[in-house]
Amino acid sequence: MKNKATAITLAVLGLGLLLAPSATNAHGNHRVSTSPMMEFMNSGRVPGPDDVSRLLRSNDWVDVAINTSGLDPSTPYTLWGVIFNRREYCATSPCGEGDLPVSPGHDPRVRASVVYVTGGFSGADGTMRLEARLHRAKNGVKPTDTLFGAGLLDGGPTEIHFVLRGHGQEAAEPLLAIGSYNAGCTDANPCSDQQATVHVAR
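In this note's numbering, the protein residues as written are 20 to 221.
Bear in mind the hints are in silico, worked out from the structure with no lab data behind them.
Do not take every clue at face value.
Stated by the list, open to error - The calculated label-pair distances, taken between Cβ atoms and stated as ranges, are:
1. Pro176 <-> Thr205: 32 to 42 Å
2. Asp79 <-> Pro209: 32 to 42 Å
3. Glu107 <-> Gln188: 35 to 45 Å
4. Ser77 <-> Tyr108: 20 to 30 Å
5. Lys157 <-> Ala84: 20 to 30 Å
Unchecked claim - Derived SDA-like pairs: lysine to any residue, alpha-carbon spacing no greater than 25 Å straight-line:
6. Lys157 <-> Pro120
7. Lys157 <-> Tyr108
8. Lys157 <-> Leu172
9. Lys157 <-> Gly175
10. Lys157 <-> Ala169
11. Lys157 <-> Glu107
12. Lys157 <-> Gly198
13. Lys157 <-> Tyr200
14. Lys157 <-> Leu75
None of these values were measured; they are calculated from a predicted model.
Yeah, the Cβ is synthetic: ideal placement off N, Cα and C, and Gly gets one too.
From just these sequences and the hints, can you work out the full model?
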């Protein structure tokens with residue numbers, strides 16, 4: 020668990036360095052934001068200029084859709100959500116490394132959490148589309164696919180960073196890899212965080 024948390028800490032740090040603003044619009048009673056996909060910390064997996072993520076928010080759930088390219092072809096990937104439930108308590112804006120539980124002196128009121136969102140396979144041309152819904156934690160019961168924290172507490176004001184993690188073209192059990200953080204990860208077939216996108220509530 021410590022290694023997983025450390026990796027996610029680096030993810031948030033990288034996102035802070037790469038952050039691009041998201042555009043937000045009203046859509047009925049919901050809010051929609053669009054944010055560019057970004058290369059993660061010199062991973063070499065550079066998305067195209069038109070590759071974006073979209074987030075539809077309600078108080079009880081968020082829907083995310085990602086369209087991207089520049090990935091390893093025909094490879095298992097997982098998408099992870101780094102959630103800052105109470106962003107008003109973050110030390111920086113946007114939230115960052117110092118707001119996670121693994122950082123000494125962090126403010127626990129931030130209620131940070133990291134959750135599995137979805138997984139799938141890139142195309143033979145390195146493109147990928149993923150869609151998923153994250154539901155609000157009910158009655159204090161967090162989702163089972165949570166690395167740490169309580170999951171999503173309120174989709175409306177929450178800041179969410181999404182990280183796309185590659186599990187390597189030689190993953191021994193690719194179907195297992197798309198539902199796990201480290202499945203298929205070996206010295207010969209390392210996993211790596213490759214792209215990211217940030218949605219800050221407005």
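Exercise. Looking at the structure, which of the earlier hints fail to hold?
Worked result: none
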